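Q: Chains as they are written, first to last, in the working numbering: chain Z, 1 to 93; chain A, 1 to 367; chain F, 1 to 360.
Read the hints as simulated data drawn from the structure, not as lab findings. Hints are supplied without guarantee of correctness; some may be wrong.
Heads up, simulated DSS-like pairs for lysine-lysine below, C-alpha to C-alpha not over 27 Å straight-line [to be verified]:
no. : chain 1 : residue 1 : chain 2 : residue 2
1   : Z       : Lys19     : A       : Lys260
2   : A       : Lys21     : F       : Lys270
3   : A       : Lys163    : A       : Lys126
4   : Z       : Lys22     : A       : Lys260
5   : A       : Lys134    : F       : Lys160
As the structure is a prediction and not an experimental result, all values here were calculated from the model.
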Amino acid sequence: MCLGIPGKIVELYEQGGLKMAKIDFGGVLREACMEAAPDALVGEYAIIHAGFALNILSEEDALETLRLLEELGQLVDELGPEASMRVASNRED
Amino acid sequence: MDVQSFSSAFRDNDIIQGVLKEIRRTVTQPWVIMEICGGQTHAIMHYGLDQLLPPEIELVHGPGCPVCVTPLELIDKALVIAARPEVIFCSYGDMLRVPGSQRDLFSVRAAGGDVRVVYSALDAVKLAQQNPDKQVVFFAIGFETTAPPNAMSVLQAQSLGLKNYSVLVSQVCVPPAMHAILGSPANRVQGFLLAGHVCTVMGYQEYPPLAEQYSVPMAVTGFEPLDLVQGILQVVRMLEKGEVEVQNAYQRAVTAGGNKAAQAIIFKTFQQVDRNWRGIGTIPQSGWGLRPELVEFDAEKRFSVEDIHTAESPLCIAGEILQGLKKPHQCPAFGLQCTPTSPLGAPMVSAEGACSAYYRYARVESN
Amino acid sequence: MLNDKNLPTIEGPVCAVPLRHAEQIVMGHGSGGRMTHDLIEKTFKPFLASDPLAAGNDFAAVLSNNDGQSGGRLAVSTDSHIVTPLFFPGGDIGRLAVCGTVNDISMSGGKALYLTAGFILEEGLRVEVLEQVLASMQAAAAEAGVQIIAGDTKVVERGKADQIFINTAGIGWIPEGRHVGGELAQPGDAVLISGTIGDHGIAVLSARGELGFEAEVQSDVAPLNQLIQAVLAAAPHTHVLRDPTRGGLATTLNEIADQSRVAILLDEAKIPIHPPVRAACEMLGFDALYVANEGKVIVIVPEAEAEAALMAMRSSRYGTEATRIGSVQESPAKRVLMRTLIGGTRVLDMMSGEMLPRIC
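Please put together the full structure from these sequences, using the hints given.
A: Structure below.
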């Protein structure tokens, strides 16, 4: 039920009484409804599902997640399992 | 990050192998983990992820496919409505192949019905504006993820004053389905991957009571292979430590409270109702239907559909499959009377339905 | 009857009046009489010029092969083309018709020589549209170095055809000693592709407009005969040539695996896909492996000749992105498997039914 992919907001406008945006998926453009993300700005990224923006993606969280998981893999090799479990549980969930 | 990196970074093989290693290091005993999102089932099969997990971990696919759980009676109603000459019947692509008691939307189209695939519910509203002499009916299926766009179409039709737009609603919700699965005496599920985009919309505050009631740790999980292994790692860690929590393994897209604007759109349009889940039965308060003030947009009321003889195939055990109680190859009709080209039930039709997935793999293993 | 200036007029429906310069195709154009004759002379012949067509007979008498060789076999193929819209980024139905059949013949390992072209025209079709299609066919035939030597045209009532349907048949000559076919793949062979996949299908889908997206994607429709001749010169023991058209790369490889009773193993990381094609497929929930191509060829060749075949493709106009994507194995027989980006294994089945956008 969940085919939603990231897209970049390249234009914001109104149509048929609704907030809409032109979304760039990387060489593919399509419009999406922005009523659930009314404060979105051009240049931000959104998750688009069936022509509808579900949320704005947090680039900060994305980079943080990648960094932690990457470290996890490296520590497993260097220090052994104990250290990696301690590091990862430092994250506030 | 640019838009392509958002996806490709979460497919980085080196990082994924590192997390897989950590999973293997962590696991000490068998665990049964369920995911309840068709999109996650699809991703797991697409990448062959379950083959890379240690043998102790058994991934079970739940009823996370709205196509699979839409009741047979509703599909039969859809087929009757779609065949009417004044109707343009619009649907997401997933639904076209699902068999009703006798035929599917493809065969209705072949017989002259105006059946159209749309990518977005709002496209169906546009069709209604462009075809004032026709009745446009939209098949509004989905979990919570799809509720905002489906709802938006009704609200827009209302604000445009359209009299020729209506929706056939089959909205279902995840938490009641999880209650039904985890509460069943035959339940084997010990850990849960929560549907990432359902939680993008709704948040994950509904789940801690569930986790506590059934002692089942859960992780909100995304859809890229790195997201999936991260979710599995977090659940496995909790299982090994005996912790029961709901953790967020999809932080870039999900917050605890979810998207309030999206929820407002949903609750302006829908209210809780009992829903019949194909193969499982009626689960109370497990779905959404149109609010009373929007009943004029309800296709079931607009088109009185009588004389429907709904007959599920007696051979199909989709219910037990969808609840993770049986595997497809344990079905007596599997691969014989029931194949992807002549399916008896929805899990054999849908691209990520458990039965169609098994059909392809089972033939390889038997070679 | 006479009007008020004493000049003859024609009032009301009488016998069909031949229109001198028609802007639209009408039923009379298909009746075989003067209107048909005029259409052929004034619209078709200027574009599809060849000696046999100029001779004006109902048949074409041509030399059996162009190289004066003895031995060898005729290669014959036929295809019908019904694409909507008629014009799409990178091509049109005319180019598709010529290239499709030139390519089918070339997949035999033979040299494409002649094409026939039969047209079914819908009443109401604008003649200038027909002329654009014919001009495109002329250009494609010239590029491919083939001649269109026989043709036919019929007209059907409005609504009975989607503007233009084109059938082309092709004739080619396979030199003696050359054997290429889907049943000849051997364990140990290399599986190569001449370039990126999924471009044509996505270009046409975006041009149709029903799903509301724009894509920086062009159809790859192209004549591959010259590329294939170069491959066969460099790798004379090539076993299989096939173009992955409808059903895409995965379906076509399944056909070959089935015919040859072998297994084909692909490496997902090696399969070339243009980023906008990938993005469109992800947005819609499509798998690029099942999207149609109209200017690509799968080459299955003994390992010893794989490098030579690749170099020949990369030096060719339509093969610059050619690459190795997998290999042939003995088992599991008749299966196509793919090693995924993360090291798992996925079975690639034939495509079943239409590919539709999904929300799941």
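Q: When you check the alpha-carbon spacing of lysine 22 of chain Z and lysine 260 of chain A, does it fall within 27 Å?
A: Holds, at about 23 Å.
Q: Taking only the CA atoms, is the gap from lysine 134 of chain A to lysine 160 of chain F under or equal to 27 Å?
A: With Cα atoms ~23 Å apart, lysine 134 of chain A and lysine 160 of chain F stay inside 27 Å; holds.
Q: Check the hint pairing lysine 163 of chain A with lysine 126 of chain A against an upper bound of 27 Å on the C-alpha distance.
A: holds, 13 Å
Q: Hinted pair, alpha-carbon criterion (27 Å max): lysine 19 of chain Z, lysine 260 of chain A. Please report holds or violated.
A: holds, 16 Å
Q: Are the Cα atoms of lysine 21 of chain A and lysine 270 of chain F separated by 27 Å or less?
A: Roughly 25 Å separates the two Cα atoms, so the pair holds.
Checked against the numbered hints above, the structure breaks none of them.
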